[in-house]
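All chains should be modelled from the sequences, with the hints used to inform the complete structure.
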Amino acid sequence: MWVYHARRLFSDAPVHFDAAVRILVPQIAENQHAFPVTIDARALGTVQRILLFADLNPIPLAIDYTPGPLAQPFVATRIKLDQRTPVRAAVQTGDGVWHVAGEWVDAAGGGCSAPPVSRVKGDWADHLGELHGRAWPGADDTRLRIAVRHPMDTGLVENIPAYNLETLTIADAGGAVLTRMAMHGSVAEDPVFTLLLKGHQSAYAVTARDTSGLEFKGIIPGEGVSSPRTPS
Amino acid sequence: MTLSRRTLIAGSLALPALGPLAARGETFAGTYQPKAQAIAPGVWMVRGVDAPIAFANGGAIANRAIIATDAGPVLFDPGVSLADGEAMAALALRLTGKPVARVYVSHLHPDHALGAVAFAPQIVHALPGTREDLLRDVEGFSDAMYRILADWMKGTQIAIPQGDVRAGEVTFGGRALRLLALCGHSHADLALLDTSTATLLAGDLVFHDRAPSTPHANLAAWPRALDTLAATPHRVLLPGHGPLDDKGRAIAQTRDWLRWLESALNQAADSGLTMSEAGMIAIPERFASLACARYELQRSVSHFYPALEMNVLPALKPE
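Order-wise, the sequence lines are chains A and B. Numbered according to the working numbering, the first sequence spans residues 1 to 232. Numbered according to the working numbering, the second sequence spans residues 233 to 551.
It should be emphasised that the hints constitute simulated quantities derived from the structure, not laboratory data. Do not take every clue at face value.
Unchecked claim - Computed list of lysine-lysine pairs in DSSO-like fashion (alpha-carbon distance at most 27 Å, straight line):
1. 121(A) x 217(A)
2. 549(B) x 121(A)
3. 267(B) x 386(B)
4. 549(B) x 217(A)
5. 267(B) x 330(B)
6. 217(A) x 198(A)
7. 267(B) x 479(B)
8. 549(B) x 198(A)
9. 330(B) x 386(B)
Bear in mind that the values here come from a model prediction, so they are computed numbers and not experimental data.
Right, dumping it as structure tokens:
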């Protein structure tokens with residue numbers, strides 16, 4: 001599978017396995033529907049793209065993040081796991097080289113092929129697209145955490161077609177795009193994303209768009225000054 | 233395509249080793265060899281391994297107890313599998329000269345409950361809430377145990393306790409027992425006091441030198457159950473996991489961990505940590521003696537963090 005994915009994702013670009021890409025995962029996949037992954041590639045400097053993928057998932061690629069010059073190469077979310085699989089972060093630096101790190105994760109089956117909780121409860125449509133978020137301003141950067149209510153249907157559950165968020169865009173108060181991310185149905189239901197933006201803004205405009213073309217928008221107030229309880 | 237053959241091979245090898253199973257090819261299940269240790273007149277404990285459920289330990293990680301009575305021994309928790317339950321039955325027969333006459337299942341979790349299949353259904357008793365929990369979850373537990381334990385689980389079919397337990401004093405085979413119907417570790421937790429020896433079998437409401445696990449925990453209810461156990465006079469306490477407590481410290485230690493866990497996870501969420509970062513927070517030095525602390529912290533993050541995040545992420549307005 002590695003060969004298949006490597007050819008498809010990296011094409012002709014050079015690939016290195018590089019411990020400078022930090023991939024932070026728990027030692028146990030307690031919930032195969034929501035396995036947390038944090039990718040921190042700040043040690044690599046300028047980064048073009050960050051891919052998060054699981055080799056043996058039916059939908060291998062979870063997120064394709066293009067942080068751009070205004071965001072740090074840092075991203076976290078939760079993904080589904082359909083079986084024991086490598087979970088990898090691939091980071092493409094400005095010179096076109098891919099830097100890859102990963103962990104073997106032992107997971108029970110069914111993360112992608114069981115219906116989401118909100119489908120079982122039947123209330124997914126009542127909360128579709130509800131946005132929650134907050135900014136944590138640090139000394140140089142601002143951490144954003146964004147939660148979107150969405151079933152993130154994989155299309156692998158009988159009678160439920162694929163239906164998922166496909167892009168997340170953060171803009172400043174004037175509408176200029178700060179950073180953007182693409183994602184797939186292997187991101188967990190009701191996804192939560194953590195990003196690290198350079199500097200501080202008075203407000204962050206969040207737009208999440210799904211595969212039906214619906215757009216969900218919200219404003220996260222920036223808190224302006226640095227706060228003592230900001231994480232790394 | 234600049235992926236050389238060497239790079240591709242490195243790709244498949246660049247990941248940390250998966251563990252002994254992947255490295256060694258086939259390994260075979262062993263034989264359960266439970267060891268009894270007398271803890272009071274007519275009461276024995278059988279210690280589980282203080283580790284996560286794993287193929288290497290056959291899933292025999294829960295503590296159990298055997299209490300001799302005139303009618304035959306009472307077994308408190310039958311273990312994880314058919315073979316585990318059968319080994320416990322043989323051990324109880326060796327110790328007391330009589331076959332097991334009553335089995336109590338303390339709560340729904342598979343390391344405690346699935347071994348019930350080794351006994352006649354009518355002698356297996358549990359709280360009604362535990363029966364409901366098992367009817368809902370036992371198939372998933374069984375699948376998960378077969379996945380992890382493979383041949384150790386051979387022949388383990390689903391068994392639901394038939395007898396309902398109510399809180400109060402009972403006399404069984406001439407022996408006075410007090411049954412406590414509590415909750416907090418799960419939706420229904422049974423504890424048992426052997427009255428004449430003041431031996432308290434706490435089930436998974438109490439962990440000792442082993443971090444508590446929380447897959448069905450209610451962090452508001454659990455401390456109240458600990459209050460009840462602390463107010464039940466006892467000489468020794470057998471926790472669900474970890475060593476026998478004859479110094480009265482396991483209840484306080486369990487309470488301390490749960491209080492720390494709840495406040496640490498709330499603080500992590502409020503300071504914007506990601507879920508994987510929350511699993512990496514420092515564990516206070518006073519918990520250094522607890523086995524499986526990081527492992528259980530990360531499981532608890534999975535159980536509680538998504539809800540805690542929503543408490544600290546305000547709803548966003550469109551403009």
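Now for the hints, and whether the structure bears them out:
1. A C-alpha spacing of about 25 Å is found between residue 121(A) and residue 217(A), which places the hinted pair at or below 27 Å, so the restraint holds.
2. For the given pair, residue 549(B) sits about 26 Å from residue 121(A) by alpha-carbon distance, which is consistent with the 27 Å threshold.
3. Distance hint between residue 267(B) and residue 386(B) is fulfilled; the C-alpha atoms sit about 22 Å from each other, no more than 27 Å.
4. For the proposed pair residue 549(B) and residue 217(A), the alpha carbon gap of about 8 Å is at most 27 Å, so the pair holds.
5. Restraint check for residue 267(B) and residue 330(B): satisfied, since their Cα atoms lie roughly 18 Å apart, inside the 27 Å limit.
6. Distance restraint check for residue 217(A) and residue 198(A): the Cα-Cα separation of roughly 21 Å lies within the 27 Å cut-off, and the hinted pair is therefore satisfied.
7. This hinted pair checks out: residue 267(B) and residue 479(B) have alpha carbons roughly 23 Å apart, not beyond 27 Å.
8. Straight-line distance between C-alpha atoms of residue 549(B) and residue 198(A) comes to about 23 Å, which keeps the hinted pair within the 27 Å bound.
9. Annotation: proposed proximity of residue 330(B) to residue 386(B) holds, straight-line Cα distance about 26 Å (limit 27 Å).
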